[in-house]
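Asks: For reference, the chains in residue letters:
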Amino acid sequence: MNTAAPADLLPASRRGLLLGPAGRVAVVVALLAVAVVAPVLNLLVPAGHPLHLGDYGVALVARIMCYAICALAMDLIWGYAGILSLGHGLYFALGGYAMGMYLMRQIGRDGNYRSELPDFMVFLDWKQLPWHWAGSSSFAFQMLLVVAAPALVAGVFGWFAFRSRIKGVYFSIITQALTFAAMLLFFRNETGFGGNNGFTDFKRILGVPLALPSTRMVLFVLTGCTLVGFALLARAVVNSKAGRVLQAIRDAESRVMFTGYDPLRYKLAVWVLSAVMCGVAGALYVPQVGIINPSEMSPAASIEMAIWAAVGGRGTLVGPIVGAFFVSGAKSWFTQAFPEFWLYFLGALFIAVTLFLPRGLMGLAARFTTQRTARRIKA
Amino acid sequence: MLIRLLRGLAAAALAAALAAPAAALDAATARAIATGDNDARIAALGAAVARAEPGLAEFAQALLDDAVKTTPAGAVLVVRDEHAVDAATGQPATVPDDAEDASNNNRMRGALAAALGGLRLLSKDPAARRAAIDELSRNGADPALLPLVDKAWAGETDAGLKAQLGRLRASVQVASPDRAQRLAAIDLLSHSDEPAVRALLQARLAPDGEADATLRVAIERALAQVDARLAWGERLGVLFTGISLGSILLLVALGLAITYGLMGVINMAHGELMMIGAYTTWLVQNLFHRFAPGLFDAYLVAAIPAAFLVSAGVGAVLERGVIRFLYGRPLETLLATWGISLVLIQGVRSLFGAQNVQVENPAWMSGGIAVASNLVLPWNRIAIIAFAVLVLAGTGLLIARTRLGLFVRGVTQNRRMASCTGIDTARTDTLAFSLGAGIAGLAGCALSQVGNVGPDLGQGYIVDAFMVVVLGGVGQLAGTVLAALGLGLMNKVLEGVAGAVLAKIMVLVFIVVFIQKRPQGLFALKGRSAES
Numbered sequence: 373m374n375t376a377a378p379a380d381l382l383p384a385s386r387r388g389l390l391l392g393p394a395g396r397v398a399v400v401v402a403l404l405a406v407a408v409v410a411p412v413l414n415l416l417v418p419a420g421h422p423l424h425l426g427d428y429g430v431a432l433v434a435r436i437m438c439y440a441i442c443a444l445a446m447d448l449i450w451g452y453a454g455i456l457s458l459g460h461g462l463y464f465a466l467g468g469y470a471m472g473m474y475l476m477r478q479i480g481r482d483g484n485y486r487s488e489l490p491d492f493m494v495f496l497d498w499k500q501l502p503w504h505w506a507g508s509s510s511f512a513f514q515m516l517l518v519v520a521a522p523a524l525v526a527g528v529f530g531w532f533a534f535r536s537r538i539k540g541v542y543f544s545i546i547t548q549a550l551t552f553a554a555m556l557l558f559f560r561n562e563t564g565f566g567g568n569n570g571f572t573d574f575k576r577i578l579g580v581p582l583a584l585p586s587t588r589m590v591l592f593v594l595t596g597c598t599l600v601g602f603a604l605l606a607r608a609v610v611n612s613k614a615g616r617v618l619q620a621i622r623d624a625e626s627r628v629m630f631t632g633y634d635p636l637r638y639k640l641a642v643w644v645l646s647a648v649m650c651g652v653a654g655a656l657y658v659p660q661v662g663i664i665n666p667s668e669m670s671p672a673a674s675i676e677m678a679i680w681a682a683v684g685g686r687g688t689l690v691g692p693i694v695g696a697f698f699v700s701g702a703k704s705w706f707t708q709a710f711p712e713f714w715l716y717f718l719g720a721l722f723i724a725v726t727l728f729l730p731r732g733l734m735g736l737a738a739r740f741t742t743q744r745t746a747r748r749i750k751a
Numbered sequence: 002m003l004i005r006l007l008r009g010l011a012a013a014a015l016a017a018a019l020a021a022p023a024a025a026l027d028a029a030t031a032r033a034i035a036t037g038d039n040d041a042r043i044a045a046l047g048a049a050v051a052r053a054e055p056g057l058a059e060f061a062q063a064l065l066d067d068a069v070k071t072t073p074a075g076a077v078l079v080v081r082d083e084h085a086v087d088a089a090t091g092q093p094a095t096v097p098d099d100a101e102d103a104s105n106n107n108r109m110r111g112a113l114a115a116a117l118g119g120l121r122l123l124s125k126d127p128a129a130r131r132a133a134i135d136e137l138s139r140n141g142a143d144p145a146l147l148p149l150v151d152k153a154w155a156g157e158t159d160a161g162l163k164a165q166l167g168r169l170r171a172s173v174q175v176a177s178p179d180r181a182q183r184l185a186a187i188d189l190l191s192h193s194d195e196p197a198v199r200a201l202l203q204a205r206l207a208p209d210g211e212a213d214a215t216l217r218v219a220i221e222r223a224l225a226q227v228d229a230r231l232a233w234g235e236r237l238g239v240l241f242t243g244i245s246l247g248s249i250l251l252l253v254a255l256g257l258a259i260t261y262g263l264m265g266v267i268n269m270a271h272g273e274l275m276m277i278g279a280y281t282t283w284l285v286q287n288l289f290h291r292f293a294p295g296l297f298d299a300y301l302v303a304a305i306p307a308a309f310l311v312s313a314g315v316g317a318v319l320e321r322g323v324i325r326f327l328y329g330r331p332l333e334t335l336l337a338t339w340g341i342s343l344v345l346i347q348g349v350r351s352l353f354g355a356q357n358v359q360v361e362n363p364a365w366m367s368g369g370i371a372v373a374s375n376l377v378l379p380w381n382r383i384a385i386i387a388f389a390v391l392v393l394a395g396t397g398l399l400i401a402r403t404r405l406g407l408f409v410r411g412v413t414q415n416r417r418m419a420s421c422t423g424i425d426t427a428r429t430d431t432l433a434f435s436l437g438a439g440i441a442g443l444a445g446c447a448l449s450q451v452g453n454v455g456p457d458l459g460q461g462y463i464v465d466a467f468m469v470v471v472l473g474g475v476g477q478l479a480g481t482v483l484a485a486l487g488l489g490l491m492n493k494v495l496e497g498v499a500g501a502v503l504a505k506i507m508v509l510v511f512i513v514v515f516i517q518k519r520p521q522g523l524f525a526l527k528g529r530s531a532e533s
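Here the protein sequences line up with chains A and B, keeping their order. To get this note's numbering, take the position in the first sequence, counting from 1, and add 372. To get this note's numbering, take the position in the second sequence, counting from 1, and add 1.
Please keep in mind that the hints were generated in silico from the structure rather than gathered at the bench. Ideal Cβ positions, reconstructed from N, Cα and C, are used throughout, including at glycine. You may find that some hints are simply not true.
[As the list claims (entries may be wrong)] Chain A stretches covered by chain B per the calculated footprint, using a threshold of three residues with CB under 8 Å from any CB of chain B:
1. 397-405
2. 480-493
3. 532-538
4. 672-682
5. 719-726
My request is simple: use the sequences and hints to build the entire structure.
Replies: Here is the structure:
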C-alpha cells in the first residue's frame with residue numbers, strides 16, 4: 373500500500389499486541405456491522421420492515437466512512453506528528469479523480485454524444501484522449517494512480533517543506549495555497565479533467581452497473597473494511613518505534629534532532645501515508661457519490677477535515693472516526709432540517725471545541741470515565 | 002448593433018448640423034440610390050457622397066428608417082408620419098397605390114450608415130466632426146468614403162483634427178491602386194499610435210494584402226514603429242494594473258500584518274472583517290441615498306470611518322470573547338477563527354440576504370485619465386492606490402510613533418517584560434487586534450468600490466492575504482508592502498503571458514517554492530524573536 377515509507381514504519385509493533393481485549397472486540401463488532409449486519413438489513417430485510425436499512429442510509433454511512441478515513445489520516449499527521457494540513461482535500465480529490473477517470477471510460481458509448489471519448493472532451497471538440505488519460509481504461513493502472521498520485525505529490529511537497537523545516541502555521545498556510553492552486557488548475561477545461569463540472573454520470577464499474585443495490589453494498593462493505601483496516605494500520609504505526617519518534621518530534625522537534633534522529637524521514641513517511649489514505653478514501657467516495665469536481669479541493673473542504681479530527685479528539689485513533697460521524701451526521705441533519713443554521717452550528721463547533729474541548733469528544737468521554745485515555749494524549 | 006449606433010449618432014448629427022430645410026437632392030441621384038441592384042445603388046451612393054450632395058444625409062437616414070417609397074413613374078418619396086414628400090423637389094406629394102417600398106438588405110444598410118458617418122465629417126460643429134473622425138478611425142473607413150475624407154481634410158481648419166483626418170485618409174489610401182499614394186500613406190501611418198492602425202497594417206501584410214515587395218518592407222517597418230509606440234502604452238498598462246492589484250493586496254494584507262505579523266494571531270476571519278467593512282459602506286451609501294441624496298458623492302467620507310469603527314468593534318469583541326484564550330496556540334486559533342468566519346458569513350446572509358448588494362461609485366470616481374491611445378487609467382483604481390498609500394502611512398506612523406505602537410512593539414518582543422514595566426498587555430492586545438480588524442474594514446470599504454459585495458467577499462481574498470504576509474516576512478511592514486506590490490505586478494505580467502488562471506497558479510507555486518528557500522519570508526527577523 374504505502375511504497376514511500378521506511379521499512380521500520382510499516383510492520384505492527386513487536387512490543388506487545390496490536391490491540392487490547394476491548395479493542396479486539398471493537399474491531400470484530402465493527403467488521404460484523406459493516407460486512408454482515410448492514411448488507412442483511414439493506415438487501416434481505418424487505419422494505420417497510422422496521423429493521424430495513426434504506427438506500428439513503430447506506431449512501432450516507434458510506435460517505436461518512438470515507439470522511440472518517442480522511443479524519444483518521446488527519447489525526448495521524450496532526451494528532452501524532454503535530455503537522456496541521458489544510459490541504460488534504462487535494463489528496464482526497466486526486467484519488468477521486470484517478471477513480472473518476474476510470475469510471476468515465478467505463479461509460480463507453482453510453483454518454484450523451486455516443487462517443488468513445490468522455491462527454492466533456494467531445495464538448496471541447498477534442499479528437500483523442502490527452503496523454504494523461506493513456507492508462508485510464510485499465511482498472512489496475514488507475515488503482516495504482518489512486519495510490520501513486522497522492523503519494524507523489526505529497527512526497528515531493530513534503531520533502532521540500534520538511535527539509536526546509538517549515539512547520540506550524542506556515543506549513544498549514546502553504547498546504548492551503550497548494551490545494552487552492554490545484555483547484556484553480558482543475559477548474560480549467562484545458563487541464564483535461566472536465567473543468568467546473570468534473571466527472572459525473574457514471575454508469576458502471578468493472579462492467580457492473582453502479583446503480584444496482586448489490587454493487588452499492590459491495591462498495592459499502594469495501595469502504596467499511598478499508599476504514600477498519602486503516603485504523604489498524606494507524607494503530608500499528610502509532611505503536612511502532614517510528615510512531616514513538618513521531619510523537620517525540622511533535623512535542624520537541626529540536627531535542628529529537630539533537631539525539632540523532634532525522635525528523636525528515638519520519639515526518640515524510642507519515643505525511644505520505646496520510647495522503648495515500650486520503651487518496652483511497654477519495655477513490656471509494658467517487659463511485660458511491662457519483663460525482664467528483666474541483667470544489668473538493670477548496671480550502672473550506674480541507675479545513676472541515678481538520679474539524680472532524682479536532683471534534684473527535686486528536687491523538688486518539690477512535691476519536692477522528694467518531695468526530696467524522698458526529699460532524700457529518702449533524703451536517704446531513706442540519707442541511708435538511710435547518711439549512712440556514714448549519715454554518716452557525718459548524719462555526720460554533722469550531723469555536724467551542726478549540727475553547728472548551730481541546731481533546732475533543734474522546735477527551736470529554738475520558739473525563740467522565742477514567743484517566744486512562746488522558747494519559748496517552750498530550751495536547 | 003453598429004448600424005443602430007451609427008443611426009443614432011447620425012440622427013443627432015442631422016439635428017445639429019443639417020438643420021437647414023431639406024435642400025433637394027438631384028432626382029436622378031435619389032432614384033439611383035433608392036432603386037436598382039445593390040452594386041449600382043452603392044456606386045450611386047458613393048458618387049453622391051463624394052460630391053457631398055445637399056440633402057443626401059437626410060435621404061440616407063430616410064432609407065435606413067425604411068421611409069422611402071418609389072413609384073413606377075420614377076418619383077422617389079419620403080413618407081414620414083403619413084406625410085409624403087418628394088425627395089427630389091421637397092414638395093408634398095401623394096403616395097400612389099402602386100408605390101413600392103425601397104428595401105435595403107444588410108449590405109446596403111452598412112453602406113448607408115457608413116455614408117452617414119462620412120457625411121458628418123463635413124459637419125460645421127467641431128465636436129460632431131471629432132466624433133465622426135474618432136468613429137471612423139476606430140472602425141476603419143470604407144474606401145468609398147475616400148473622396149469625402151479628402152474633401153473634409155482639405156476643408157478642415159482645426160490642426161489636431163486635420164492631422165487625425167490625414168491619418169484617416171492614409172488608412173484608406175494604404176489600399177489605393179496608386180503605388181505612390183500607398184507609400185505616402187504607409188509613411189504617414191508609421192507615426193500613428195492607434196491600435197486600429199496596427200490591425201490595418203497587419204491586414205495589409207496578409208497574403209491578399211500588399212503585393213509590392215518594397216512596400217511590404219515599408220509596411221513592416223511602419224508596423225514595428227507603431228508597435229514600439231503601442232508597446233509603451235501596454236507596458237504602462239500592465240504596470241498600472243499590477244500596482245493597482247498590489248495596492249488592493251496591500252490593503253487586504255496590512256491588517257493581517259498587524260494581527261499575524263506583530264501579534265502572531267492567525268486570523269482566518271480577516272476576510273470576513275473586510276466583508277463587514279464593505280457592508281458598512283453599503284449601509285452608509287443607502288443612508289445617504291435616503292436622507293441626503295444631494296451629498297451622495299461625499300458618502301465615502303462617512304463610510305471610511307464607519308467601516309473602520311464597525312470592523313474594529315467586531316474585532317475587539319472577537320479578541321475579548323475568543324482569541325485571547327488561545328494565545329500561544331496558533332493552530333487552535335486558526336480553527337477557531339475559521340469558525341468565527343463561518344458564523345459571520347452566515348450572519349450577514351441572514352441579515353442582508355445571500356445575494357450581492359450594489360455599492361455605487363461616487364460620480365467623481367467614474368471615468369479615467371487617458372494617458373495613451375490604448376491606456377486609460379480609471380479613477381477608482383487611482384483612488385484605491387492613493388488610499389492604500391494613506392492607510393499604509395497611517396499604520397506605519399501609528400506603529401512607529403505613537404504610544405500604542407510602542408506598547409504593541411513592546412508586548413510583541415517581550416510580553417512579560419512589557420507587563421513588568423506597567424503596560425496593560427491585555428488591553429494592548431485588544432487594541433492591536435481591533436486596529437488590525439479596523440484596517441481590514443478599510444480594505445473592505447476600498448474593495449466595495451471595485452468589486453462585488455457579498456457574503457463571500459472575504460473568502461476570495463484570505464489565501465492571497467496570507468500569501469502576502471508569509472512572503473513578506475513576519476513583523477515587517479516593509480516586507481508586506483514589497484510582497485504585495487511584487488505579487489500584484491507578477492500576477493499581471495504573468496497574466497499577459499499565460500492567462501489569468503495559470504498566472505494565479507504560477508504565483509502560488511512560486512510562493513510555495515520561495516518559502517522553501519526562505520522560510521522566514523523576504524525580511525527575516527533576526528535574533529531571539531525569530532525562533533518562536
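Asks: Now tell me, hint by hint, if it's right for this structure.
Replies: Evaluation of the provided hints:
Only when three residues or more bring their CB closer than 8 Å to a CB of chain B does the claim for the stretch 397-405 of chain A stand; here the count is 0, and the claim is violated. As drawn, the stretch 480-493 of chain A meets chain B at 0 residues by the rule of a beta-carbon pair under 8 Å; below three, the given contact is violated. With 6 residues having a Cβ less than 8 Å from any Cβ of chain B, the stretch 532-538 of chain A passes the three-residue criterion, so the hint holds. A stretch counts as covered by a chain when three or more of its residues have a beta carbon under 8 Å from one of that chain; for the stretch 672-682 of chain A and chain B the count is 5, and the coverage holds.
Look at the stretch 719-726 of chain A against chain B: 7 of its residues bring a Cβ nearer than 8 Å to a Cβ of that chain, three or more, so the hint holds.
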